[in-house]
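S.K.: Given chain A, put chain B in place with the hints provided.
Chains as they are written, first to last, in the UniProt record's numbering: chain A, 1 to 354; chain B, 1 to 354.
Bear in mind the hints are in silico, worked out from the structure with no lab data behind them.
Hints should not be assumed to be uniformly reliable.
Put simply, identical chains are the same to the list, so a pair is met inside one copy or across any two.
[To be verified] Each computed SDA-like pair below joins lysine to any residue, with the alpha-carbon atoms no more than 20 Å apart:
{"no.": "1", "residue 1": "K265", "residue 2": "E75"}
{"no.": "2", "residue 1": "K155", "residue 2": "K276"}
{"no.": "3", "residue 1": "K9", "residue 2": "D202"}
{"no.": "4", "residue 1": "K278", "residue 2": "I97"}
{"no.": "5", "residue 1": "K155", "residue 2": "T255"}
{"no.": "6", "residue 1": "K262", "residue 2": "L291"}
{"no.": "7", "residue 1": "K155", "residue 2": "T257"}
{"no.": "8", "residue 1": "K265", "residue 2": "E188"}
{"no.": "9", "residue 1": "K278", "residue 2": "E188"}
{"no.": "10", "residue 1": "K9", "residue 2": "T352"}
{"no.": "11", "residue 1": "K9", "residue 2": "R350"}
{"no.": "12", "residue 1": "K306", "residue 2": "R354"}
{"no.": "13", "residue 1": "K262", "residue 2": "N187"}
Source: prediction; values computed, not measured.
Protein chains: 2
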Amino acid sequence: MICSMLNIKYPILQAGMAGGPTTPELVAEVSEAGALGTLGAGYMTPQQIEVALREIHQLTQSPIAVNLFLPQTYECHEKTSLAMQQHLNTYRVKLGISEIHDIPNMSDLFEEQLATVIEAGVKIVSFTFDAPTKRIVEKLHASEIIVIATATSVKEAVQLESNGVDLIVAQGAEAGGHRGTFLNVENESMIGTMALVPQVVDAVSCPVVAAGGIMDGRGMAAALALGASAVQLGTAFLTVKESGANNIHKEAILTSTDTDTKITKAFSGKSARGFKNKMMVDLESRIGDDLPPYPLQHVLTSDIRKEAAKQGNKEMMSMWAGQASGLAQVRSARNLVENLVGQCDEALQRATLR
Amino acid sequence: MICSMLNIKYPILQAGMAGGPTTPELVAEVSEAGALGTLGAGYMTPQQIEVALREIHQLTQSPIAVNLFLPQTYECHEKTSLAMQQHLNTYRVKLGISEIHDIPNMSDLFEEQLATVIEAGVKIVSFTFDAPTKRIVEKLHASEIIVIATATSVKEAVQLESNGVDLIVAQGAEAGGHRGTFLNVENESMIGTMALVPQVVDAVSCPVVAAGGIMDGRGMAAALALGASAVQLGTAFLTVKESGANNIHKEAILTSTDTDTKITKAFSGKSARGFKNKMMVDLESRIGDDLPPYPLQHVLTSDIRKEAAKQGNKEMMSMWAGQASGLAQVRSARNLVENLVGQCDEALQRATLR
Numbered sequence: 001m002i003c004s005m006l007n008i009k010y011p012i013l014q015a016g017m018a019g020g021p022t023t024p025e026l027v028a029e030v031s032e033a034g035a036l037g038t039l040g041a042g043y044m045t046p047q048q049i050e051v052a053l054r055e056i057h058q059l060t061q062s063p064i065a066v067n068l069f070l071p072q073t074y075e076c077h078e079k080t081s082l083a084m085q086q087h088l089n090t091y092r093v094k095l096g097i098s099e100i101h102d103i104p105n106m107s108d109l110f111e112e113q114l115a116t117v118i119e120a121g122v123k124i125v126s127f128t129f130d131a132p133t134k135r136i137v138e139k140l141h142a143s144e145i146i147v148i149a150t151a152t153s154v155k156e157a158v159q160l161e162s163n164g165v166d167l168i169v170a171q172g173a174e175a176g177g178h179r180g181t182f183l184n185v186e187n188e189s190m191i192g193t194m195a196l197v198p199q200v201v202d203a204v205s206c207p208v209v210a211a212g213g214i215m216d217g218r219g220m221a222a223a224l225a226l227g228a229s230a231v232q233l234g235t236a237f238l239t240v241k242e243s244g245a246n247n248i249h250k251e252a253i254l255t256s257t258d259t260d261t262k263i264t265k266a267f268s269g270k271s272a273r274g275f276k277n278k279m280m281v282d283l284e285s286r287i288g289d290d291l292p293p294y295p296l297q298h299v300l301t302s303d304i305r306k307e308a309a310k311q312g313n314k315e316m317m318s319m320w321a322g323q324a325s326g327l328a329q330v331r332s333a334r335n336l337v338e339n340l341v342g343q344c345d346e347a348l349q350r351a352t353l354r
Numbered sequence: 001m002i003c004s005m006l007n008i009k010y011p012i013l014q015a016g017m018a019g020g021p022t023t024p025e026l027v028a029e030v031s032e033a034g035a036l037g038t039l040g041a042g043y044m045t046p047q048q049i050e051v052a053l054r055e056i057h058q059l060t061q062s063p064i065a066v067n068l069f070l071p072q073t074y075e076c077h078e079k080t081s082l083a084m085q086q087h088l089n090t091y092r093v094k095l096g097i098s099e100i101h102d103i104p105n106m107s108d109l110f111e112e113q114l115a116t117v118i119e120a121g122v123k124i125v126s127f128t129f130d131a132p133t134k135r136i137v138e139k140l141h142a143s144e145i146i147v148i149a150t151a152t153s154v155k156e157a158v159q160l161e162s163n164g165v166d167l168i169v170a171q172g173a174e175a176g177g178h179r180g181t182f183l184n185v186e187n188e189s190m191i192g193t194m195a196l197v198p199q200v201v202d203a204v205s206c207p208v209v210a211a212g213g214i215m216d217g218r219g220m221a222a223a224l225a226l227g228a229s230a231v232q233l234g235t236a237f238l239t240v241k242e243s244g245a246n247n248i249h250k251e252a253i254l255t256s257t258d259t260d261t262k263i264t265k266a267f268s269g270k271s272a273r274g275f276k277n278k279m280m281v282d283l284e285s286r287i288g289d290d291l292p293p294y295p296l297q298h299v300l301t302s303d304i305r306k307e308a309a310k311q312g313n314k315e316m317m318s319m320w321a322g323q324a325s326g327l328a329q330v331r332s333a334r335n336l337v338e339n340l341v342g343q344c345d346e347a348l349q350r351a352t353l354r
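Excised from the complex, chain A in its bound form (with noise of 0.2 Å):
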């Protein structure tokens, strides 16, 4: 049903990592093998854009995604946004880079990045960090595309569906990279997969994805049993061939155990999961008045965590991962999708002859 809704072969998305991870290899590569490719588009200007999809599509004539993140408003003190910017001048130092001593014009690309994933004739969007408007929603679909969001509790499913989205992600506690929660943000429930997936499942009629700690055919059946109509998977694609994650950060993952990661906002200034290293630690002692918010925080550290990510210095560097990240493999990603619709009919078989 969600198949031929996105016209896939196999119920498995993968998530739209922004920052470099989901190169138009990856994305082509992901929906050539009957998944969803996603194009990770939150960063991305509307060219870079315009010439990953152009990319994408002389790879594949498949449907493919694009994930953007809903624009924030945000509020900071000159005086807090200057005060971290000198401390992350440490940082800077220590890299060799230039120091900053002025805050980034921070422009919003949102609409422009809208426009041009519509003007590509893609035909699935999907959205982090709120609800799409029902304006947007209306505008999709007019346009015949299908609208993806993501929900971290009931509340949140249940606004996504009143705003008209057609399938909604319900993003666990344990998922990797940005969590998606967009109601009372400061006091998260932080809702294990496990949890979330049949209550969401119960209050909405769309569709449901599943996504949060799900890294292999095991955890696609689990998902299916808990009534999710399809897995949507981060972490475990970040390690496949095509990925274009760092290597520092591919390495971390092949070799991290289950209790290596850590929600922060150290990095961007909204809950993510990944690493811990010496640089969250700093910066979480921060947290509170004197850690900018999202969007800017994320901006103020970029430079930094791109320039160790280059020099393989791990410290430095954000490095998001869900927390089943230790099942992760070398692979490519048809194996991998291949592996998980194999391994997720055994699963079931093996729990029915229990």
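M.R.: Just chain B, lined up with the frame of chain A:
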């Protein structure tokens, strides 16, 4: 396999919840229905355990288990305990019960509890809050008793197995009540069931019981698909007819939503998941140096929580519940067990036919 090991019909364990819910009627009826009933004896005196086991054995010949808390060492300044005691007197005044001005004697009943359980012929004993030592495991094995213990991380599970434990309960972050964490307690990773279970299954060779967020047959099916050999449910059994949980507590569960619970040390000094209320918020503001550790804080707040429960004052009780408590129903224990099995089969079949 786990069923023949425990001599039960269905791979379902009722959690050994301490403090009253596991009445002899509940334990016996769960076992009569083909699952494993468990007496939550953590806070019971040896005499109370003896009486309860006698009642249970009059009601059923089927196997039952007893859950005990492994003894905890702790340190607390008298000043801290007395300050808490004084603060708690404001609660006692509101409830109209006697103020207390000294610190109760803490006697550790563990060895006597264990001796009572062995003496009574119980054949399955489960432990929480630590790894039972090899000495304890050997002692129980010598009496042909199966040993179960709880882990909240892969590392804990590996330690339990190396100590000789026969069955490991993998408790995900969704679970209600006390966390079984015993390693790295101050920096808990809060691993969700979906991520924890497959990683524990891969790391140990003994059977794994999934716990946390499982409320119905969908959750049971999901847990089995993840590789668990059985499931353990706590919250789902709190609202059954035979449960000894307070009516206020039952009502809170039945009317709850997914975001109503929180992990807190407020009531007992040890992390546990329960419904947010005024006492939790008030005592949490004292966490740090000012909150006595478990089991002292448990004992200090005990009279207040009991009296509040009696008076129907839900703002001064601890009401443990998991993140999927909203799925609870009023029914008999037998009906719950039978529904779990039937729905589990349906969920697996539906997932297979996706």
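S.K.: Would you mind marking each hint as holding or not holding in the structure?
M.R.: To see whether the hints hold, each was checked on the structure:
no., hint, result
1, K265 x E75, "within (16 Å within a copy, 33 Å between copies)"
2, K155 x K276, "between (30 Å within a copy, 17 Å between copies)"
3, K9 x D202, "neither (25 Å within a copy, 29 Å between copies)"
4, K278 x I97, "within (19 Å within a copy, 50 Å between copies)"
5, K155 x T255, "between (36 Å within a copy, 15 Å between copies)"
6, K262 x L291, "within (17 Å within a copy, 25 Å between copies)"
7, K155 x T257, "between (32 Å within a copy, 9 Å between copies)"
8, K265 x E188, "both (13 Å within a copy, 17 Å between copies)"
9, K278 x E188, "between (24 Å within a copy, 18 Å between copies)"
10, K9 x T352, "between (24 Å within a copy, 15 Å between copies)"
11, K9 x R350, "between (23 Å within a copy, 18 Å between copies)"
12, K306 x R354, "neither (49 Å within a copy, 42 Å between copies)"
13, K262 x N187, "both (16 Å within a copy, 10 Å between copies)"
In the structure shown, a violation is registered for the earlier hints numbered 3 and 12, in ascending order.
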